[in-house]
Amino acid sequence: MDVQLINWVRQLLPCLYLETNVTLLHSYTLLAFLLNYLLIYLPLHLHTYAFTQTRVDVQLIDWARRSLPQECVALARQTFMDRFDECVRGDGKSSLKDSPDIFVALKEKIVSDSMQKHAWHRDVSDNLRVIQTNSLEDDEITDAGQWYLAVDFMQNKLQREATAFSSKMREYFGPGWTERWFYWTSGTSEQAIHASIASELGAFFKPERDGAIPKAKLHHDSIITVRNNILQNTGEHVSDAQIIDVYNKLYTGEFLSRSVQSASYCKSKYSSNSRDAPNGLKCKDVVMFWRVQEMLHVTAKTLRQQIMYHQAKLEAEVKQHLDVLSESEASKKELISSERVELAQQIEVRRHLLQSLDGFIQTISIKANAT
Numbered sequence: 045m046d047v048q049l050i051n052w053v054r055q056l057l058p059c060l061y062l063e064t065n066v067t068l069l070h071s072y073t074l075l076a077f078l079l080n081y082l083l084i085y086l087p088l089h090l091h092t093y094a095f096t097q098t099r100v101d102v103q104l105i106d107w108a109r110r111s112l113p114q115e116c117v118a119l120a121r122q123t124f125m126d127r128f129d130e131c132v133r134g135d136g137k138s139s140l141k142d143s144p145d146i147f148v149a150l151k152e153k154i155v156s157d158s159m160q161k162h163a164w165h166r167d168v169s170d171n172l173r174v175i176q177t178n179s180l181e182d183d184e185i186t187d188a189g190q191w192y193l194a195v196d197f198m199q200n201k202l203q204r205e206a207t208a209f210s211s212k213m214r215e216y217f218g219p220g221w222t223e224r225w226f227y228w229t230s231g232t233s234e235q236a237i238h239a240s241i242a243s244e245l246g247a248f249f250k251p252e253r254d255g256a257i258p259k260a261k262l263h264h265d266s267i268i269t270v271r272n273n274i275l276q277n278t279g280e281h282v283s284d285a286q287i288i289d290v291y292n293k294l295y296t297g298e299f300l301s302r303s304v305q306s307a308s309y310c311k312s313k314y315s316s317n318s319r320d321a322p323n324g325l326k327c328k329d330v331v332m333f334w335r336v337q338e339m340l341h342v343t344a345k346t347l348r349q350q351i352m353y354h355q356a357k358l359e360a361e362v363k364q365h366l367d368v369l370s371e372s373e374a375s376k377k378e379l380i381s382s383e384r385v386e387l388a389q390q391i392e393v394r395r396h397l398l399q400s401l402d403g404f405i406q407t408i409s410i411k412a413n414a415t
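Each number in the numbering used here corresponds to the 1-based position in the sequence shown with 44 added.
There could be a bad hint or two in this list.
[Unchecked claim] In the BS3-like style, the derived pairs of lysine-lysine whose C-alpha atoms are separated by at most 25 Å in a straight line are:
| hint | residue 1 | residue 2 |
| --- | --- | --- |
| 1 | K153 | K311 |
| 2 | K326 | K311 |
| 3 | K293 | K212 |
| 4 | K345 | K357 |
| 5 | K293 | K326 |
| 6 | K250 | K261 |
[Said to hold, decoys possible] Taking CB as the label site, the calculated pair distances span:
| hint | residue 1 | residue 2 | range |
| --- | --- | --- | --- |
| 7 | F226 | T278 | 15 to 25 Å |
| 8 | Q399 | Q160 | 42 to 52 Å |
| 9 | F226 | F248 | 49 to 59 Å |
| 10 | K212 | F248 | 37 to 47 Å |
| 11 | D183 | S211 | 30 to 40 Å |
| 12 | N171 | F248 | 16 to 26 Å |
| 13 | D183 | S243 | 40 to 50 Å |
Hints are computed from structural coordinates only; laboratory data are not their basis. Please read these numbers as outputs of a predicted model, since none were measured by experiment. All residues carry an ideal CB built from backbone N, CA and C; glycine is no exception.
Sequences and hints are given; from them, build the entire structure.
See the structure below:
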C-alpha cells in the first residue's frame, strides 16, 4: 500500500472518535416520547391514579420491547457512519483535506462500499432491549439528588415542548388583538374561524375553585352550544370536527403550561405530599421522566461502547478493502488517476527503458572488450 495511503488510514481512527451525544438521543427519543405520551396522560384525570400508573408502565415497557432499541441503534449507526463519511471526505474536525487529490475517486469507493457492508449485529439491539427494559422497570427514586435532576430534566423538556407548541399555535390562530392593532396585521379566514371557536371555548379553561384541570374531551351538548353561539355571533357555520380540533389544541396548551408549573412545584416535594400539583398528577410524572432519563443514560453508555468497538472494526475493514483494491491493476487505474499519476507512470516507463538501455549498452561494451 502507498505510504500516503497508510498515513491517511492512520488518521481515520482519531477522526472517527465520537462521543455518543446524550443530547442527540434525548432530542430523538423524547420527540416520540412526548408526542405519544401526551396522548396517554392528557386524559389522566378521567381515571384513578392506580389505573394511570399501570397504563403508563405498560406503555413504557412495550415501547422498550418493541421499537425503541432498534431506533436507538439505527440512530447511533447513522451518526457513526455520517462521521466516517466526513472523515474520509476530509470534512471532519481532524481534517483529512491534506490527503492527495488523486485519492478522491478512491475515497468515494471506500465510503460507498462501507455504507453498504459495515453492519451492526442484531445482538446489539437485543442486548439494548434488556438494558432499557430493566431501566424503565425501576420506578423508585432513592434520594433527593436524583429527584432534583429528574425535575430539571422534566422542566427543560416540557418547557421546550411548550415553546414549540406556542409557535405552532401562533400559526394556527393567527395574530392576536394587540399584534393586529399595533402592527396592522391580519390573519386568514381559516385562522379567524379558529380564533372565534377558541373564544367560545375559553370558558372551559377558566381556573376552577377546586383546582380541577379541564376535561380531556368535550361533551356533545357543549359542542352543539358552541356551534350555535358562533353561528349567532358571527354568522359562520363551523363543523363539530373544527370545534373538537380547536379544543384539543387548547387542551394540549393548557396541559403543557400546567405541567411546566408542576415541575417547579414538585422540585421541593421529594417524599412529601404533592397532591396539589397544578396538572393534577401528584408529581407522578417526575418519576416517569426520571425513568426515561435513566434509560437514556444507560442507552448512551451502551452505544458509546459499541461505537468504540466499531471504530477499530471499520478501520480494519478499510485497510482490508484497500489491500484488495491495490492488488487489482484495473481498480488502481480506475480509482487513482490524475495528471500526477500519469506523469509518474510515464517517468516509471522511461526509467525502466533507461535501465534496459543502460544494461544493453553495458552488455555490448563487455562483448566489445572481450573481442
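Comparing the hints with the structure gives:
1. K153 <-> K311: violated, 54 Å
2. K326 <-> K311: Given that 25 Å is the threshold and the Cα spacing comes to 12 Å, the pair holds.
3. K293 <-> K212: holds, 10 Å
4. K345 <-> K357: holds, 19 Å
5. K293 <-> K326: holds, 24 Å
6. K250 <-> K261: holds, 16 Å
7. F226 <-> T278: 15 to 25 Å: holds, 24 Å
8. Q399 <-> Q160: 42 to 52 Å: holds, 44 Å
9. F226 <-> F248: 49 to 59 Å: Given range 49 to 59 Å: violated, Cβ gap about 29 Å.
10. K212 <-> F248: 37 to 47 Å: Between K212 and F248, where Cβ atoms are some 20 Å apart, the hint is violated.
11. D183 <-> S211: 30 to 40 Å: 34 Å Cβ-Cβ, so the 30 to 40 Å window holds.
12. N171 <-> F248: 16 to 26 Å: Check failed, 48 Å falls outside 16 to 26 Å.
13. D183 <-> S243: 40 to 50 Å: Because 42 Å falls inside the window, the suggested range holds.
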